[in-house]
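Produce the entire structure from the sequences given, and follow the hints as far as they go.
Residue-level listing of the chains:
There are 2 protein chains.
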Amino acid sequence: MEQKRPLILITNDDGLGARGLEHLTRIAVTLGDVVVVAPATPQSGKSSAITVNTPLYIEEHPAIDGAQVFTVSGTPVDCVKLAMYAVLDRRPDLILSGINHGSNAAVNNIYSGTMGATMEGCILGIPSIGYSLLSHSPNADFDPLTPFVKDITAKVIREGLPEGICLNVNFPKECTPLGMKVVRAAKSRWTEEYATYATPHGTPFYWLTGKLHNEQPDDPATDEYWLKRQYGTIVPIRPDQTAVDEIGNIENLMSREE
Amino acid sequence: MEQKRPLILITNDDGLGARGLEHLTRIAVTLGDVVVVAPATPQSGKSSAITVNTPLYIEEHPAIDGAQVFTVSGTPVDCVKLAMYAVLDRRPDLILSGINHGSNAAVNNIYSGTMGATMEGCILGIPSIGYSLLSHSPNADFDPLTPFVKDITAKVIREGLPEGICLNVNFPKECTPLGMKVVRAAKSRWTEEYATYATPHGTPFYWLTGKLHNEQPDDPATDEYWLKRQYGTIVPIRPDQTAVDEIGNIENLMSREE
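So the protein lines, in turn, are chains A and B. Residues in the first sequence are numbered consecutively from 1, following this note's numbering. Residues in the second sequence are numbered consecutively from 1, following this note's numbering.
No wet-lab data here; the hints were simulated from the structure. Backbone N, C-alpha and C define an ideal beta-carbon position, used for all residues, glycine too.
Under 7 Å between C-beta atoms, here's a sample of chain B residues computed to sit facing chain A: (1) 55; (2) 57; (3) 82; (4) 85; (5) 124; (6) 162; (7) 182; (8) 185; (9) 189; (10) 205; (11) 207; (12) 237; (13) 241; (14) 243; (15) 251.
Computed spacing ranges between beta-carbons, pair by pair: (16) A:230 to B:30: 49 to 57 Å; (17) A:54 to B:63: 29 to 37 Å; (18) B:53 to A:213: 18 to 26 Å; (19) A:68 to B:30: 55 to 63 Å; (20) A:249 to B:201: 55 to 63 Å; (21) B:30 to A:218: 42 to 50 Å; (22) B:220 to A:54: 34 to 42 Å; (23) B:216 to A:199: 47 to 55 Å.
The following block contains the structure:
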């Protein structure tokens, strides 16, 4: 009896046409049946945003290595939701997002459209992995990542993931990773965040920029530490942000009288 | 010597003009100096999205009860970042977001622009609270919430919050809350997610809708349980989504050979 190949849904936040998406698709077709449902336009920094006040359209595009390809006129999370609702004919066994052009390590997880889609898959109960390369170049070389992406993806297909957990995988740029480390996100935030301009009429306007300030640069338990040392990193992510361990503290705080 | 009043930054995701924002502002001015920096347009469902590919503008509006009021042409997170960078003359002691018209309980935390702004404040190291009322009506009655919002806000001004933790506060609709419960978000997801249409030319399009499926309706440790029983809920939220407790499991999974 023929064993059914796993169905893999792929999305990203850079949109169709991004080299990282095509690269991930060409790896995934060696592991299962693949359907790509990607944003029609770039969606970097869209986090888990959903489109609530406008309608969404689906468009079909030429296949990549036998994988069907569609775009959705919305966010990465819209792509996952609408793929499940209107594109796929069965529930996917795996959702992959990426390979993102740019880092989603450290605090970037929360702003990332790549990880928004990954967490959406996890919320829907499907094993989900987000892949990112620490290079914003549209011509970034994804070849050195291939064996790592293939190995991690194959293991998750075979073993699944713990309930309520997805993976945020980042790769160092311009090198072959020395290996992979399972770690936590470095505690960090963005600083000096805007470039300031003025229109010809003198009205100021602002463009997001800034530097990542890592509060734990010497901590080998964090992703940033290893990415700087040419390792790839795997961070287990829990979309449910409830701090269960702080419920007692907050109860105490709220019961205090002045 | 005069004691400095705390500086409170207020934002939301429904935009300036929302009744909940004005209500929260009128409460906050009794507790400190208030500056409102709200989105210029509705930003529901924007999560922690940031605007990376277009510039942002700031506009000043008439004061509310002595509070300065500005809009930013972006998302709730943009409002917090740009307020810190270009509007406030000192670091705020507290960030409030809301009062949102609609629930941010259960899984909604991850899609919520209200909570995106709240988590951004937390990432920046500022005690932050998101407030939501379980009614989408633009004319919702916020008066019954006043003593609760005032009490929680005053306590957080006085006591602060644990590092890396912010609060997601939700209130039941059309009633005076019977009390407040500190709980976790109910495990849940959205189902039956789109209404389907066709253009006059026969092209299908899709509009987000759906129902919240609560997997734990009978669990008194969850927010949905108490909101259905006329209680308000306080969920401690940790923006850092690393599942530290799963690092060992994922290490094992990755080290297994076929």
